[in-house]
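Chains B, C, D, E and F: place on chain A using the hints.
There are 6 protein chains.
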Amino acid sequence: MRLLLFNPNTAAALTQRLVASASRVLPADVDLVPVTAGTGFPYISSRAEAQIAGAGVLDGLAERAGTFDAAVIAAFGDPGLHAARELFDLPVTGLSEAAMIMSLSLGERFAFVTFARRMRPWYDEQVARAGLAARFAGTFAPEEGFGSISSVAEEMREPLLRTCLRAAEAADVLVLAGAPIAGLANDIADDVPAILVDPMQAAVVHAVALHRLRPQGADRGSYARPPGKPATGLPAAIAARLAR
Amino acid sequence: MRLLLFNPNTAAALTQRLVASASRVLPADVDLVPVTAGTGFPYISSRAEAQIAGAGVLDGLAERAGTFDAAVIAAFGDPGLHAARELFDLPVTGLSEAAMIMSLSLGERFAFVTFARRMRPWYDEQVARAGLAARFAGTFAPEEGFGSISSVAEEMREPLLRTCLRAAEAADVLVLAGAPIAGLANDIADDVPAILVDPMQAAVVHAVALHRLRPQGADRGSYARPPGKPATGLPAAIAARLAR
Amino acid sequence: MRLLLFNPNTAAALTQRLVASASRVLPADVDLVPVTAGTGFPYISSRAEAQIAGAGVLDGLAERAGTFDAAVIAAFGDPGLHAARELFDLPVTGLSEAAMIMSLSLGERFAFVTFARRMRPWYDEQVARAGLAARFAGTFAPEEGFGSISSVAEEMREPLLRTCLRAAEAADVLVLAGAPIAGLANDIADDVPAILVDPMQAAVVHAVALHRLRPQGADRGSYARPPGKPATGLPAAIAARLAR
Amino acid sequence: MRLLLFNPNTAAALTQRLVASASRVLPADVDLVPVTAGTGFPYISSRAEAQIAGAGVLDGLAERAGTFDAAVIAAFGDPGLHAARELFDLPVTGLSEAAMIMSLSLGERFAFVTFARRMRPWYDEQVARAGLAARFAGTFAPEEGFGSISSVAEEMREPLLRTCLRAAEAADVLVLAGAPIAGLANDIADDVPAILVDPMQAAVVHAVALHRLRPQGADRGSYARPPGKPATGLPAAIAARLAR
Amino acid sequence: MRLLLFNPNTAAALTQRLVASASRVLPADVDLVPVTAGTGFPYISSRAEAQIAGAGVLDGLAERAGTFDAAVIAAFGDPGLHAARELFDLPVTGLSEAAMIMSLSLGERFAFVTFARRMRPWYDEQVARAGLAARFAGTFAPEEGFGSISSVAEEMREPLLRTCLRAAEAADVLVLAGAPIAGLANDIADDVPAILVDPMQAAVVHAVALHRLRPQGADRGSYARPPGKPATGLPAAIAARLAR
Amino acid sequence: MRLLLFNPNTAAALTQRLVASASRVLPADVDLVPVTAGTGFPYISSRAEAQIAGAGVLDGLAERAGTFDAAVIAAFGDPGLHAARELFDLPVTGLSEAAMIMSLSLGERFAFVTFARRMRPWYDEQVARAGLAARFAGTFAPEEGFGSISSVAEEMREPLLRTCLRAAEAADVLVLAGAPIAGLANDIADDVPAILVDPMQAAVVHAVALHRLRPQGADRGSYARPPGKPATGLPAAIAARLAR
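Chains as they are written, first to last, in the working numbering: chain A, 1 to 244; chain B, 1 to 244; chain C, 1 to 244; chain D, 1 to 244; chain E, 1 to 244; chain F, 1 to 244.
FYI, nobody ran anything at the bench for these hints, they're computed from the structure. Don't take every hint at face value.
You can't tell identical chains apart in this list, so a pair holds if it fits in one copy or across any two.
For lysine to aspartate or glutamate, the following DMTMM-like pairs were computed, each having C-alpha atoms within a straight-line distance of at most 25 Å [said to hold, decoys possible]:
#, residue 1, residue 2
1, Lys229, Asp219
2, Lys229, Glu143
3, Lys229, Glu125
4, Lys229, Asp187
5, Lys229, Asp89
6, Lys229, Glu144
7, Lys229, Asp191
8, Lys229, Asp29
9, Lys229, Glu155
10, Lys229, Glu154
11, Lys229, Asp124
12, Lys229, Asp31
With the rest of the complex left out, here is chain A:
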């Protein structure tokens, strides 16, 4: 199967980091197809950016329709996930969703650990949106600010490790949230008395599982394709998909 890794951020370095993480759990018979968004933001970190990037995700997927069997929206916060599920008849998941879902079988409570305090409310909202608050222990972040988004995984290693130790008091499973720290879970796993989940890896194995269970994805029920509709002012690919 061909698994599209669509990075809604425009920073190609993030895509590389995500691919490196994904490759650790990629089955031999899965071709990973990484794509970096052509429009949007270097790194999505607010609801406003996610609203816009989510529209871009739909266009990006529409452009490539037919070239992949399942898709991962590779940003925490899953911009455009539920919309994409309506428009494409194949499995689609996102880093937040997949990380939460895999956590459910690895512990009783999961927490998010991320590198910037200001993302906490937005990340908390992912859990409420998914109806999983009963299993959630909160989003934890270091007190410290960070310098550069491109090196945050290295720069913040120690503060994030300390944050993990704190979060491990409240949760069995810690999701290391945010594309810029993809791969960090493996690096610090031995130093934390909790299970660390890398969202990119969770998304790969979950997307493969979904593809095996139901290649056509969420094609019925409330996520079934909406009736065709004309659109004004949209990019061609997404307009065409919506019109049919």
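Same frame as chain A, but now just chains B, C, D, E and F:
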């Protein structure tokens, strides 16, 4: 004060219907500024359309920044609401949010009544997203399909009335959901033993209240303006707003 | 419109403080009619006192029926609110309800900040009663005790400010709860990185909005007027209202 | 022990019915002390009446303080329960609370069955107030109206039986709610494939259990006696109790 | 009545401790029949041990069927409770359930206090299983580890007292959870500004109340006896009970 | 990898049915190792049977430890799942858990459809236990009773199809619950306008995903192996595992 009524649908006839409804409760000292979206869909009726239209709302508001004191996103489902709250330092609300909020003081339980069954799950999600499920009795819709979106309020009057009677068994307050039936609440109020709320009217009075209480809106906390960020491929107005 | 501000506490000084706060957001076309309860307690601070004062509210409103268009029960905890909603066919709200409701459009999570730790469980109950726990971050109060209820806003200014800073870690919006600290929100707003809501001001703008949306209030559904019933041993005004 | 059965309704016939029901489960070493409220309403059936009657309960208990070891507030809806728990250092429970609590050990889900549809929202609120909604299947009532409150148990026997059969589809335990139908649970038990709970009986056994476990009741924590406070215009007994 | 106290732990010393605690609240007309499990673990402290011990409880009760009128499963975590409720037509409760239930009438929020941190998630699950999370403030335990399970109540007295003081900040009622600390609640009650509940005592009074209310227990609804079924490899008593 | 399919029922015909269903989604590099329980019940259909069978699962897995890389507990209701997660350092899931989890990515709401009404409350409890009630639309079953458990999938095909059509009104995803109807989802998929999930298939793909993500399973946090403990009267394999 100048109150922007931003209709994220591209159908100007809907804007007229919304303005007619709003005018019934508009205070004398409020100027209503109606705008119809220039891009998007004649009528938003799916999560995918809301994802795209929500991005358009941000651009539409950015283009007009400085010309209004508060804004209503005039589509049920509130596309772009939380994103807009981050980007603009003035009160912003939406038809769903305002209708739910006003309902809380008019009864113990509220329900949505709408004209198409397929919108029920998406409308239910608005309530879950707002954390108000404990006060919600569900979304009710007629069994019958409808012909034309532009005349649905007239065409479906009887089925909607019957649906209201059914919903009144479960809720004190019924929100007549969906821009195409704006104004219907007033027409059938005498025939239903429950309180009918017109979302457009709820949004007007709530936006005015928010403006009076806090003209600068949600300018602190997790909805405070995110740090400026460069963007690629976005319309000029929204790109400029995000960059600062 | 004439807006009744019914203070269920017997301390006239509290009424003055509430009126001063209300006047900051009062529309020009609204006449505020302040009334101080003639029976009850100087300051309600327990469930038992609220039970009794709530009955007094009903009598107080019944005595004045016909002289106002909407009413605010001006004590946190909203004594008698739901009962009043049954008996009077006009909008009625309370400080807790209105503050919570306005907070919903100003942030994702709200918290209460008050001056006495022992009121925390009772204030928490207001949120559970309203079904809004999913949006609530808790009631925060200083460790310190206070001297006099009449000067608590001044005396506890610094401890309350520190408490706000602590609460701002958990919530976007802080409701400064309790009539004795009405007006404090405006005084300390510049020193707190969160949105401060004054419940009296929230109640004024919300009551005005309700009046504009539905002058007859919650006159249908489960808050509709109960059938007339004879009563024994009640004050004349409320007995007469219940009897019809 | 002396167990006060305080009927907040003024109808003595209801007290007799309640005593008859209570006597079926009364331990030999418990003296039941029935009291009928001197002020209030023949039969409480709205939030407004409960607000007023609840204040009367406090006065009634204060008048008799020292003459009983535990108290049952013998009306569904438990008027004044939480307030009484603050003021008296002995166990207090109510028909709703006790019936819900005993139901928790008799099945997974409980329902209320009552004789009048208009009481459903208010009865539902008891469950939300108690935080027990996860175990609740709703309030069921006959479609039919009833004639006289004094003979409703006899008059509505068949409709109530049919309602029980319907409720038994959704719940393991049915609480026959409302003092006017006290005792009916025993009469129709053989005809319903669910467990029927009589709230008066539940309250007797639960009050006795509380007395044995903790004779001083909820005398600590947030239900501890509030500090003494002067009151204006209250009956002497309750004023005295509040003042100390 | 004969009340079976079935200790699912195999340590007879625990049974003695439980009996001593129970005797403080045992009515004169109740015969307590203590039994120590013959198979299983000295002290159950994990989900795995509870799964196995719960099966042992069913066998133990089946062996003694006919010799008791009600049963208490005397281990926190209530191993086998819901299963036992299906198989025996008499009241059955457990230490966790009864402690939670009695707490509901003694305060607004309850907490668990126990002696070992590793039991916290499992104890938290009891509350979620019971649907009582809205009334729960969490499980509190000392930082310190303990030496011997047989003397933990004495050895950990001071750390547990400190833990109670901490928990009293969050809850009205503290349940001293775990059979090895049965009786401790009485010893330290004077030193804690909250209500302390001993689960064994709560279970005695609640089981007696259930017996008086409904001697046949949960014999209808979803806990009614399942249809008879053959079994392979089970002890004789439980196999016989299941077969009929 | 070797995937243990442990059928906690003693009916070998059920194992065959489960294997047939599993084989439809089994990756080429996974060896399925089916095992039928040697003790217990032909078909588990009550909480009591699940309590006992769950203990048997632990023994069955302990006997085979070292011969498999991941395990599926192949009965709806997941007997022994959380206990097994403590004792074995490899991924373990169950039919209920896996079906719920996969459903989360295929729709907004899922429902259970099963063949016997009496299992509804027990199946509902699985959802509450998992904290997923916000995404659940209930358990649906035909009105009709069935004849033989071994042919229920064929015998009840029409009633189950009608039940699916009814459930599709409330949910996007329908889980066909119960080992005796394994495989039915594929047979009737074309006739139902919702997504049908076969729990056995969901469990296979989810177990494989868990194994790829974390071969050591839930070996940290609250599901980490409990300290070794002596046991009395247990089968040798499980006693040995618990002792170490």
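Sort out which numbered hints this structure fails and list those numbers smallest first. Numbers 4, 7, 8, 12, in rising order.
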